[in-house]
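Engineer: Here's the letter readout for the chains.
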Amino acid sequence: GDSVTQMEGPVTLSEEAFLTINCTYTATGYPSLFWYVQYPGEGLQLLLKATKADDKGSNKGFEATYRKETTSFHLEKGSVQVSDSAVYFCALSNTGFQKLVFGTGTRLLVSP
Amino acid sequence: DTAVSQTPKYLVTQMGNDKSIKCEQNLGHDTMYWYKQDSKKFLKIMFSYNNKELIINETVPNRFSPKSPDKAHLNLHINSLELGDSAVYFCASSQDQGYQPQHFGDGTRLSIL
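In order, the protein sequence lines correspond to chains A and B.
All residue numbers for the first sequence refer to this note's numbering, where the first residue is 1 and numbers rise by one.
All residue numbers for the second sequence refer to this note's numbering, where the first residue is 1 and numbers rise by one.
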């Protein structure tokens, strides 16, 4: 079945450092790919998405590019802030299936 | 205005009890979902409803029974609660397209004593 693999956390960075969180997927067909963020005590919020190969999703300084050849959707940000501390989930949604398949989540801790 | 709202936010109860969690969305979406997030933050879908019709039931014990009185509401009833049911349960909704992003509620933290 479809699956998503994310790098283990926590990822600990200093403010203004560069962030990469790796995500790879296994899926039949042509899934859409998403990054969701969960701040402490809150639900998940959509951060960005990409629906086809080579699409780049971006939001709030975060970016991810849908790479079909490497089945990857790595999340990047050039300069993280303390307020970016959260758990980040990579997810996919496949053709005809009205459900999200999530990775295990990666906790990001940013210190001042 | 809250888009997807769940009640209660916290639920503490004893093993063997029956409890319900309610979910409402005011986004006009056609599809609603229940997800379970375990203590390690792993998220897994439980159910999906489209226009009040059950679409997905992911090998969830039949002690869990979703009910959708209309497309804006999807409630989750749990019978005979067990220790392993302790988790955070998230409701979500989306437009009736497989690729559309889902909007999540803030979760219900269920603790079984």
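Calculated from the structure, these hints are not laboratory results.
Values in this document were obtained by computation on a predicted structure and should not be read as measured data.
Take these hints with a grain of salt, some might be off.
Ranges between beta-carbon positions, derived for each pair [to be verified]: (1) A:Pro40 with B:Thr7: 32 to 42 Å; (2) A:Gln81 with B:Lys67: 37 to 47 Å; (3) A:Leu109 with B:Met15: 33 to 43 Å; (4) B:Met15 with A:Gly78: 48 to 58 Å; (5) B:Lys67 with A:Asn22: 17 to 27 Å; (6) B:Glu58 with A:Tyr39: 42 to 52 Å; (7) B:Gln14 with A:Thr28: 37 to 47 Å; (8) B:Tyr10 with A:Val82: 25 to 35 Å; (9) A:Gly78 with B:Glu53: 37 to 47 Å; (10) A:Leu46 with B:Asp70: 30 to 40 Å; (11) B:Lys52 with A:Lys60: 33 to 43 Å; (12) B:Gly84 with A:Phe18: 20 to 30 Å; (13) A:Leu109 with B:Leu113: 46 to 56 Å.
Result set (DSBU-like, lysine-lysine): computed pairs, CA atoms no more than 35 Å apart in a straight line [unchecked claim]: (14) B:Lys40 with B:Lys71; (15) B:Lys44 with A:Lys77; (16) B:Lys19 with A:Lys52; (17) B:Lys71 with B:Lys44; (18) B:Lys19 with B:Lys36; (19) B:Lys36 with B:Lys67; (20) B:Lys67 with B:Lys40; (21) B:Lys22 with B:Lys40; (22) B:Lys41 with A:Lys52; (23) B:Lys52 with B:Lys41; (24) B:Lys19 with A:Lys68; (25) B:Lys52 with B:Lys40; (26) A:Lys68 with B:Lys36; (27) B:Lys67 with B:Lys44; (28) B:Lys9 with B:Lys71; (29) A:Lys68 with B:Lys22; (30) B:Lys19 with A:Lys56; (31) B:Lys9 with A:Lys77; (32) B:Lys67 with A:Lys68; (33) B:Lys9 with B:Lys67; (34) A:Lys77 with B:Lys40; (35) B:Lys9 with A:Lys68; (36) B:Lys40 with A:Lys52; (37) A:Lys77 with A:Lys52; (38) A:Lys77 with B:Lys19; (39) B:Lys67 with A:Lys77; (40) B:Lys19 with A:Lys60.
Even glycine gets a Cβ: it sits at the ideal position worked out from N, Cα and C.
Engineer: Among all the numbered hints in the text so far, which are the ones the structure does not match?
Structural biologist: 1, 5, 6, 10, 12, 13, 16, 24, 29, 30, 32, 35, 38, 39 and 40
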